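Residue numbers (our numbering), protein chains in the order written: chain A, 1 to 145; chain B, 1001 to 1755.
Honestly, the hints are just simulated from the structure, not real lab data. Values in this document were obtained by computation on a predicted structure and should not be read as measured data. Here a beta-carbon is modelled for each residue, glycine too, at the ideal position from N, C-alpha and C. Wrong hints could be hidden among the right ones.
Said to hold, decoys possible - Beta-carbon label-pair distances, calculated as ranges: (1) A:G53 - B:S1747: 20 to 30 Å; (2) B:A1047 - A:L111: 26 to 36 Å; (3) A:I5 - B:A1596: 48 to 58 Å; (4) A:P62 - B:L1547: 56 to 66 Å; (5) A:P62 - B:S1043: 32 to 42 Å; (6) A:E90 - B:V1647: 34 to 44 Å; (7) A:L111 - B:A1039: 34 to 44 Å; (8) B:S1747 - A:G89: 35 to 45 Å; (9) B:L1608 - A:L111: 22 to 32 Å.
Stated by the list, open to error - Chain B residues, not near chain A, derived (Cβ > 12 Å throughout): (10) P1096; (11) Q1178; (12) G1264; (13) G1457; (14) L1539; (15) F1652; (16) S1694; (17) L1723; (18) A1741; (19) L1748.
As the list claims (entries may be wrong) - Below, simulated DMTMM-like cross-link-like pairs (lysine to aspartate or glutamate); rule was C-alpha separation at most 25 Å, straight line: (20) A:K26 - B:E1712; (21) A:K26 - B:D1177; (22) A:K26 - A:E142; (23) A:K26 - B:D1730; (24) A:K105 - B:E1641; (25) A:K26 - B:D1717.
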Amino acid sequence: MSDVIDLVAPRLLGPAVMVAAAIIVKGYTDVGDGFSAGVIVALAISLRYVAYGTEGAERSLPVLRHAPVVAACGLLLALAVGFFPVLAGEPPFTHHPGPGEHVIKIGTLELISAMAFDVGVFLLVCGMLVTLVHHLARLVEEADG
Amino acid sequence: MCDPDGCTTVKSPPGGALAWTAVAFALAGFVVCLAAWLAGGGSIDIAWAPSLDLRLDFALDGLGALYALLATGIGTVVFAYGAAYLPLHLEHEGRPAAESRRFWLWMTLFMVSMVGLACARDLILLFVFFDLTAVASYFLIGFDRHRLEARGAALMALLVTGVSAVALLLGAVLLYDQYGTFSLPELFARARPGTNTAIAGALIAVAALAKSAQAPLHFWLPRAMAAPTPVSAYLHSAAMVAAGVLVLGRVHPLLALDQTVLDGLLVVGLVSIAVGGLLALVQDELKQILAHSTISQYGYVVVLYGIGGASGAAAAALYVVAHAIAKSALFMTAGAVTEATGESRLSHLGGLARRMPLLAAASGLAAATLAALPLTLGFFKDELFFGAARERGTTMAVMAVVAAALTFAYIARFWFGLFTGVRRTEPHAIPWLLVAPVVVLAAVALVGGFVVGPFAGLAGDAAAVTHGAPVDANPAYHLDARAVNVMAVAAWALGAAILLFARARDAVAGAAARLGDRFGPRRLYGASLRALNVYSDRLHDAEIRDLRNSIAAVLVPTGVLVALGVAFTPTRGSFTAGSIAAADLPILVLLVLCVAAAITVARDTGRLRPVLALSVLGFALAAVYAVVGAPDVALVAVLVETIFTLVFVGVFSRLPLPGRPATTAAPVGRRRRNVVAGIIAGGASFALIWSTLSRTSPNAGDARAQIARTREAHGGDVVTVILADFRGLDTMVEITVLAVAVIGVASLLHRGRNW
Chain A
1 MSDVIDLVAP
11 RLLGPAVMVA
21 AAIIVKGYTD
31 VGDGFSAGVI
41 VALAISLRYV
51 AYGTEGAERS
61 LPVLRHAPVV
71 AACGLLLALA
81 VGFFPVLAGE
91 PPFTHHPGPG
101 EHVIKIGTLE
111 LISAMAFDVG
121 VFLLVCGMLV
131 TLVHHLARLV
141 EEADG
Chain B
1001 MCDPDGCTTV
1011 KSPPGGALAW
1021 TAVAFALAGF
1031 VVCLAAWLAG
1041 GGSIDIAWAP
1051 SLDLRLDFAL
1061 DGLGALYALL
1071 ATGIGTVVFA
1081 YGAAYLPLHL
1091 EHEGRPAAES
1101 RRFWLWMTLF
1111 MVSMVGLACA
1121 RDLILLFVFF
1131 DLTAVASYFL
1141 IGFDRHRLEA
1151 RGAALMALLV
1161 TGVSAVALLL
1171 GAVLLYDQYG
1181 TFSLPELFAR
1191 ARPGTNTAIA
1201 GALIAVAALA
1211 KSAQAPLHFW
1221 LPRAMAAPTP
1231 VSAYLHSAAM
1241 VAAGVLVLGR
1251 VHPLLALDQT
1261 VLDGLLVVGL
1271 VSIAVGGLLA
1281 LVQDELKQIL
1291 AHSTISQYGY
1301 VVVLYGIGGA
1311 SGAAAAALYV
1321 VAHAIAKSAL
1331 FMTAGAVTEA
1341 TGESRLSHLG
1351 GLARRMPLLA
1361 AASGLAAATL
1371 AALPLTLGFF
1381 KDELFFGAAR
1391 ERGTTMAVMA
1401 VVAAALTFAY
1411 IARFWFGLFT
1421 GVRRTEPHAI
1431 PWLLVAPVVV
1441 LAAVALVGGF
1451 VVGPFAGLAG
1461 DAAAVTHGAP
1471 VDANPAYHLD
1481 ARAVNVMAVA
1491 AWALGAAILL
1501 FARARDAVAG
1511 AAARLGDRFG
1521 PRRLYGASLR
1531 ALNVYSDRLH
1541 DAEIRDLRNS
1551 IAAVLVPTGV
1561 LVALGVAFTP
1571 TRGSFTAGSI
1581 AAADLPILVL
1591 LVLCVAAAIT
1601 VARDTGRLRP
1611 VLALSVLGFA
1621 LAAVYAVVGA
1631 PDVALVAVLV
1641 ETIFTLVFVG
1651 VFSRLPLPGR
1661 PATTAAPVGR
1671 RRRNVVAGII
1681 AGGASFALIW
1691 STLSRTSPNA
1701 GDARAQIART
1711 REAHGGDVVT
1721 VILADFRGLD
1731 TMVEITVLAV
1741 AVIGVASLLH
1751 RGRNW
């Protein structure tokens, strides 16, 4: 059991990020959204916590300590997308381009402002869950040690 | 949220730099407000959520300009004073200089919310800024948080002003219910006299009066003197307490629809003048004298709003300006004297005029302004006050003279006690910056005594907003025996008499103070707070006694409420049972699995097994979603279930190991209660879910319209489009809740450290 986790955990992060990216790219035309993508990445990271312990997981992936900042950036991005239209006199959460207007496409990716909102949700969910796992993992280790 | 390191390791900027940034910010605000006002004012109106009637409606009209200029102008001067005062204060208290950072942030936030309050023309906005000032004042009054007295004072100010602010919201909702708008200009146009309007007006007035420390809700202000002096000089002279009368001035056309409300204001104002004035005569602490004086002075303004009309409105506006300038200077004088001598009681001070001549002269001018002596701005405030009182009637005129006499007496006692007579405590040198702001404000008051035009013009414009028609306020010196002059002379004479007959004065005022101590509202506040604490403790103890109670405390009330809802709504057609086809077999199998897992959770006394059974339940439900064709929901359910299981196991490992299984020992009575609680909660949720599932028609609600418009929104997946576009605001609020929840976890586990 432990061997399987040791083997899978480090290798799962790459595919998980790929899946998350795919969900976001296809998100507006297919199943899944920023929330699901964020949870998938957070799950892969939690698996590393299970396999390596808090210390090990955070040493092997130093970028994790910026999770709260990532979450804050996500929140700000979502807020910005939602409320910038207010400055232009439109209702909040008016997305561009509007109905019937031309959309720039890169493959299946449509460049619309709702996409940026979804990315904001992704960053927030991912950052917050990793922060949560970090706190709980430390709690568990303090109880054990 | 700050950088993970920011809270602990990054060196804080030196307090001085931040202080001067705040001063510069306040000064810039003052200049901008002044320039905008001279350019003719202006307004911004953004309807940011039109479907909820929420708008950002600000106007720099006369009233807005007057209070915005006060908040930024006095703010500039007091902030400069604070830049010198705060380092000394922190040093006395033995605290690191870096703590001043918090002070300046709250001070600046306070100033900004005060300016916002001054310009807001919408009842909801008014409420938001009203409460923002209350929150900022809580942290400012409780700045010396290691002192129990300061914490209690901060809580008292927050509770008294914050709880009564709810009355403002209630009044706003009442008005919205009747007239369909929160916007004040529209309300003024639509509102008609009536019981509802009168009640709404009275509710708004209650909030405003509590904020302005009017009897019987005045008791928070004297205690708030536990705050550092710059806070008192700003909040308790020109800003926080002024917010109350600002709201009165702003909504006055609504109040004026009902004479009873205006008469109520008159009574409250007169009582406050008497209570504040009498108590100010017996206080020994310098700041206590000034605090009681503030209660009495805002009583004047409330009386003037109660008199109403053009003259009342103009007099109120000018009164606020003159009082704010003078009182702020006097608070700063008290702080400077205490800093120089280490003494804060009038009976231990005296004869400082020779050692601190500049401070004595400047604060003398400020005191003269308050006492309404000629050649200061204060003379005109009383001229207008007497004029308005005389219009109302002879009784009112007599009371006005007595009120002015009280003011003259207590402020003369304050100044003469400080600066003349025997020197009881030797002062030592203090920074010039503790004296200069007093001089600046005194100079303004003196200039106002000669060139009253600009002040009167501003007051007239403010009064025009309050009165709803152009007001011409033109106070001036008249060297003849007209009524207002006679009243002024009478007030000074009576005031001097009160000052001279010390024994009679102390007997009367002392008796009033003892009466207040024994029967005053402060006692009621203390008693109700204690009773509330006891009740809340009992409830809390019962709730957390064991896990069973914690769960029952949530589930049983929910079940009862849902059961009531089901009982009182028409249920025809909402509980239907369809037929079961062969294609539904997978769902049936999954649901049987759910039931088995649920029974395991309830019956198993182990630890890991119930958790795993719970997740089996969750995954089986996710599979049901997948089968009935909701892949988005199924995906989210699987992901959430996974992370939930992980977190659950993690938290469970933290719990202590159980000794013996508890269920065998449970008494019969308790088990019976468990059954009852379970039946209530389970039955109600069953009824709720059944009724929800009975309404599966795609026509219900706006689902069909949303599916139709998904293409237009450039989407293919209706759930995603709903989340990001149609109901984007809901998603925004939900992810914000997630952020707040995680911050809460961080606060509980690691004292608010983010990482």
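To see whether the hints hold, each was checked on the structure:
no., hint, result
1, A:G53 - B:S1747: 20 to 30 Å, "holds (24 Å)"
2, B:A1047 - A:L111: 26 to 36 Å, "holds (29 Å)"
3, A:I5 - B:A1596: 48 to 58 Å, "violated (28 Å)"
4, A:P62 - B:L1547: 56 to 66 Å, "violated (39 Å)"
5, A:P62 - B:S1043: 32 to 42 Å, "violated (52 Å)"
6, A:E90 - B:V1647: 34 to 44 Å, "holds (40 Å)"
7, A:L111 - B:A1039: 34 to 44 Å, "holds (42 Å)"
8, B:S1747 - A:G89: 35 to 45 Å, "holds (39 Å)"
9, B:L1608 - A:L111: 22 to 32 Å, "violated (48 Å)"
10, P1096, "holds (25 Å)"
11, Q1178, "holds (27 Å)"
12, G1264, "holds (40 Å)"
13, G1457, "holds (35 Å)"
14, L1539, "holds (28 Å)"
15, F1652, "violated (10 Å)"
16, S1694, "holds (27 Å)"
17, L1723, "violated (6 Å)"
18, A1741, "violated (8 Å)"
19, L1748, "violated (9 Å)"
20, A:K26 - B:E1712, "holds (17 Å)"
21, A:K26 - B:D1177, "violated (46 Å)"
22, A:K26 - A:E142, "violated (41 Å)"
23, A:K26 - B:D1730, "holds (22 Å)"
24, A:K105 - B:E1641, "violated (35 Å)"
25, A:K26 - B:D1717, "holds (10 Å)"
Checked against the numbered hints given earlier, the structure breaks hints 3, 4, 5, 9, 15, 17, 18, 19, 21, 22 and 24 and satisfies all the rest.
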